[in-house]
Amino acid sequence: MGPEILRDVSFHLPERSFQFLSGPSGAGKTTLLRLLFMSLKPTRGLITIFGKDRSKITRTELPLLRRNIGVVFQDFRLLDHLTTYENVALPLRVRGREESTYRGDVIELLKWVGLGERMHVLPPILSGGEKQRAAIARALIEQPRILLADEPTGNVDPQLARRLLRLLLELNRLGTAVVIATHDLGLMDQVDARRMVLSGGRLEIYD
Amino acid sequence: MTETTRLLKNLGARLSSSARGAVARKQMPIVPPDNVAGRAMVLVIAIMTFLSCLTLGAVTLVRDTAATWQTQIAREATIQIKPEEGLDMAAALTRARDIAAGYSGVIDASVVDAQATARLLEPWLGTGLDIESLPVPRLVIVTIDPMSRPDFAAMRAELEETVANATLDDHRTWVDRLVAMARTTVTIGMSALALMLSATALTVIFATRGAMAGNGHIIEVLHFVGAEAPFIASQFRRHFLLAGMKGAAAGGIGAILVFIGFYWWSSRNMATPEADQATALFGNFAIGPSGYIGVGAIVIVIAVLTAATTHVTVLSYLKNVDSTHPDSM
Chain A
0 MGPEILRDVS FHLPERSFQF LSGPSGAGKT TLLRLLFMSL KPTRGLITIF
50 GKDRSKITRT ELPLLRRNIG VVFQDFRLLD HLTTYENVAL PLRVRGREES
100 TYRGDVIELL KWVGLGERMH VLPPILSGGE KQRAAIARAL IEQPRILLAD
150 EPTGNVDPQL ARRLLRLLLE LNRLGTAVVI ATHDLGLMDQ VDARRMVLSG
200 GRLEIYD
Chain B
0 MTETTRLLKN LGARLSSSAR GAVARKQMPI VPPDNVAGRA MVLVIAIMTF
50 LSCLTLGAVT LVRDTAATWQ TQIAREATIQ IKPEEGLDMA AALTRARDIA
100 AGYSGVIDAS VVDAQATARL LEPWLGTGLD IESLPVPRLV IVTIDPMSRP
150 DFAAMRAELE ETVANATLDD HRTWVDRLVA MARTTVTIGM SALALMLSAT
200 ALTVIFATRG AMAGNGHIIE VLHFVGAEAP FIASQFRRHF LLAGMKGAAA
250 GGIGAILVFI GFYWWSSRNM ATPEADQATA LFGNFAIGPS GYIGVGAIVI
300 VIAVLTAATT HVTVLSYLKN VDSTHPDSM
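Heads up: the protein sequence lines correspond to chains A and B, in order.
Mapping to numbering that gives the first Met the number 0: the first sequence position 40 is 39, numbers consecutive.
Mapping to numbering that gives the first Met the number 0: the second sequence position 326 is 325, numbers consecutive.
Hints in this document: simulated from the structure, not taken from any laboratory.
Hints are supplied without guarantee of correctness; some may be wrong.
[Claimed, not checked] Capping the alpha-carbon separation at 20 Å, the derived lysine to any residue pairs in SDA-like fashion look like this:
{"hint": "1", "chain 1": "B", "residue 1": "LYS25", "chain 2": "A", "residue 2": "ARG94"}
{"hint": "2", "chain 1": "B", "residue 1": "LYS318", "chain 2": "A", "residue 2": "ARG117"}
{"hint": "3", "chain 1": "B", "residue 1": "LYS25", "chain 2": "A", "residue 2": "ILE56"}
{"hint": "4", "chain 1": "A", "residue 1": "LYS40", "chain 2": "B", "residue 2": "TYR316"}
{"hint": "5", "chain 1": "A", "residue 1": "LYS40", "chain 2": "A", "residue 2": "ASP183"}
{"hint": "6", "chain 1": "B", "residue 1": "LYS318", "chain 2": "A", "residue 2": "SER54"}
{"hint": "7", "chain 1": "B", "residue 1": "LYS318", "chain 2": "A", "residue 2": "ARG58"}
{"hint": "8", "chain 1": "B", "residue 1": "LYS318", "chain 2": "A", "residue 2": "GLU98"}
{"hint": "9", "chain 1": "B", "residue 1": "LYS25", "chain 2": "A", "residue 2": "THR59"}
{"hint": "10", "chain 1": "B", "residue 1": "LYS25", "chain 2": "A", "residue 2": "MET37"}
{"hint": "11", "chain 1": "B", "residue 1": "LYS25", "chain 2": "A", "residue 2": "LEU61"}
{"hint": "12", "chain 1": "B", "residue 1": "LYS25", "chain 2": "A", "residue 2": "LYS40"}
{"hint": "13", "chain 1": "B", "residue 1": "LYS318", "chain 2": "A", "residue 2": "TYR205"}
{"hint": "14", "chain 1": "B", "residue 1": "LYS318", "chain 2": "A", "residue 2": "HIS119"}
{"hint": "15", "chain 1": "B", "residue 1": "LYS318", "chain 2": "A", "residue 2": "ARG66"}
{"hint": "16", "chain 1": "B", "residue 1": "LYS25", "chain 2": "A", "residue 2": "THR100"}
{"hint": "17", "chain 1": "B", "residue 1": "LYS25", "chain 2": "A", "residue 2": "GLY127"}
{"hint": "18", "chain 1": "B", "residue 1": "LYS25", "chain 2": "A", "residue 2": "ARG58"}
{"hint": "19", "chain 1": "B", "residue 1": "LYS318", "chain 2": "A", "residue 2": "GLU85"}
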C-alpha cells in the first residue's frame with residue numbers, strides 16, 4: 000500500500016451545485032476526482048454516489064452509474080482515429096443509439112463550442128484549445144447529473160476560457176452539479192462559487 | 000433565454016426523440032481496423048489455417064486411399080495349391096474353383112493359368128520359363144461380392160478336406176493391418192489438427208492481449224463514457240472476427256490452391272514412373288468433396304475460434320482494467 004494521499008476528507012456535493020476544487024500540484028485533486036468517478040476505490044472510508052455505497056457497487060452497475068457523470072480529462076482522452084464529431088458522439092454510440100437520432104444534436108453542440116468547421120477533423124490535427132473543447136463537448140453531450148472537469152481551461156486563451164466557463168455555468172443552471180479542478184485563480188474569481196481547497200491531503204471548504 | 004440554455008434544453012428534448020431524419024453516414028469502427036499487430040495476426044491465422052487444412056487434406060487422402068486398398072483387397076480371395084508328387088494339379092485347380100464358385104457371395108472364380116503364373120514369376124525367374132517343370136504353387140482367384148461376403152470358414156474347411164494342399168487366403172490379415180494403419184494415421188492427423196487449432200487459439204489469445212495493451216487507451220475512454228463490458232467486448236470481437244475470417248480465408252484458399260496444384264501435377268504426369276510411385280502410395284491426389292468441405296469447415300472453425308477467444312480474453316482483461324491502469328485519470 001502506497002502513501003495516504005487523502006485523509007479526513009468529508010464533504011457533500013449537493014445536486015445542482017457548482018464548486019471549484021483547487022490546491023497545489025500533488026495535493027490529490029486528480030485522486031479525489033478519480034474517487035468520485037469510481038475509477039479508484041478508497042482504501043478506507045465511505046463514499047456514497049447517487050445514494051449508493053461505492054464499495055457495494057458491482058462491476059455491472061458501474062458503467063450505468065458512470066453515464067450520469069461527465070468527465071473532462073486534463074489530457075483530453077480523445078480517440079485519435081475518430082473524428083471530432085465521432086469523439087463527441089461516442090457516449091451516445093456506446094449506449095447503442097442510432098446515429099440518425101443524435102446527429103443533429105452533436106453538430107449543434109460542436110457548432111456552439113466553436114468546432115462546427117472542425118467536426119470531420121481527426122484530433123491530431125486539432126489545436127490544444129480545440130481538443131479541450133471537443134473533450135468538454137463529449138462530457139456534456141448526455142447532460143450528466145454531475146460533471147467533473149480536470150483543468151478544463153488549462154489549454155485555452157482567457158477569452159475561450161470565459162466562454163467555456165459560461166457553458167459550464169449554463170449546464171449547472173439546467174441541473175448538473177459541476178466540479179472544476181483548477182489552479183487558475185483568475186477563473187475562480189469570475190464566479191462566486193464554493194471552493195474546495197486540498198492541501199497536504201486535507202480538504203478545506205469555503206462556501 | 001441565452002443561446003446556451005436554448006441549446007442544452009433542446010439537447011435534452013431531442014435526445015429522447017427517436018427519429019431525426021438525418022442522413023446516416025458510415026462511422027469509423029471504435030477499434031481501429033488496421034495496425035501492425037492486426038496484420039501480423041491475420042498472417043499468423045492464415046499460416047495456421049493453411050497448415051491445418053493441409054493436415055486435414057493429408058488425413059483425407061490417407062483415409063480414402065486406405066479405404067480404396069481395403070475395398071480392392073476385400074473384393075478378392077486366393078486359393079493356393081502347393082505342388083506335390085502325384086498330384087493332378089489341373090484337376091485340383093478345377094475342383095477348388097468349382098467349390099469356391101458354389102458358395103453364395105462369390106461372383107467369379109478363375110484359375111490363374113500357366114502363362115499368367117509365368118508372368119507373375121517373370122521378375123524373379125526371367126522369361127522363357129517352363130512352369131510345368133517347376134514345383135510352383137498355383138492360384139485360383141476368387142472374386143467376392145463385398146456387400147455379401149461368403150462363409151470363408153466353411154469354404155476353407157471344405158477346400159482343405161476335398162483338395163489336397165489347398166489353402167484359402169481371404170486377405171483378412173492384410174485388411175486388418177490396413178484398417179489399423181489407416182486408423183493410426185487418421186488419429187495422428189486428427190491429433191496434429193487438434194494441436195494446430197489449440198496453437199491457433201493460443202496465438203489469438205496472445206495477439207488479442209497484445210492488441211488490448213495497444214488499445215488500452217480506447218478501452219479506458221469507453222469505460223469513462225459508460226460503455227458496458229459486453230459492448231466493449233463486442234467491438235473487439237467484431238474486429239478480430241474480421242481479422243480471423245480474413246486470415247482463415249487466405250489460408251484456406253492457399254491450401255485449396257496447393258491441392259489443385261498437386262491434382263494438376265499428378266494428372267499431368269499420370270504415366271510417368273514418379274507419378275506412378277506417388278499414386279501407388281497416395282492414390283490419385285484428389286482430395287474430393289469431403290476434403291473441400293473440411294477446408295471450409297476449418298476456415299469457419301478458426302474464424303469462430305478467433306472471435307470466441309477474443310471475447311473471453313477481452314472480458315477477462317476488462318475485469319482487471321481498473322486495477323491494471325492505475326493512472327487512468
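Within a Cα-Cα threshold of 20 Å, do A:LYS40 and A:ASP183 meet the stated pairing?
It is violated: about 28 Å lies between the C-alpha atoms, which goes past 20 Å.
Compare the distance between the alpha carbons of B:LYS25 and A:LYS40 with 20 Å, and conclude whether the hinted pair is satisfied.
39 Å, violated
A:LYS40 and B:TYR316: Cα distance at most 20 Å?
18 Å, holds
Restraint status (C-alpha distance of B:LYS25 to A:GLY127 at most 20 Å):
27 Å, violated
Against the 20 Å threshold, does the CA-CA distance of B:LYS25 and A:ARG94 hold or violate the hint?
17 Å, holds
With the threshold set at 20 Å, check whether the alpha-carbon distance from B:LYS318 to A:ARG66 stays at or below it.
Holds. B:LYS318 to A:ARG66 sits at ~19 Å (cutoff 20 Å).
Hinted pair B:LYS25 and A:LEU61, Cα distance within 20 Å:
Violated, because 30 Å separates the two Cα atoms, which is more than 20 Å.
With a cut-off of 20 Å on the C-alpha distance, tell me whether B:LYS318 and A:TYR205 pass.
39 Å, violated
Within 20 Å, alpha carbon to alpha carbon, are B:LYS318 and A:ARG117?
36 Å, violated
Would the hint linking B:LYS318 and A:ARG58 be met if the CA-CA limit is 20 Å?
8 Å, holds
Taking only the CA atoms, is the gap from B:LYS318 to A:GLU98 under or equal to 20 Å?
Violated. B:LYS318 to A:GLU98 sits at ~29 Å, over the 20 Å cutoff.
Decide if the proposed pair is consistent with the structure: B:LYS318 and A:GLU85, CA atoms, cutoff 20 Å inclusive.
Cα-Cα ~26 Å, so violated.
In this structure, the earlier hints numbered 2, 3, 5, 8, 9, 10, 11, 12, 13, 14, 17, 18 and 19 are contradicted, and the remaining ones agree with it.
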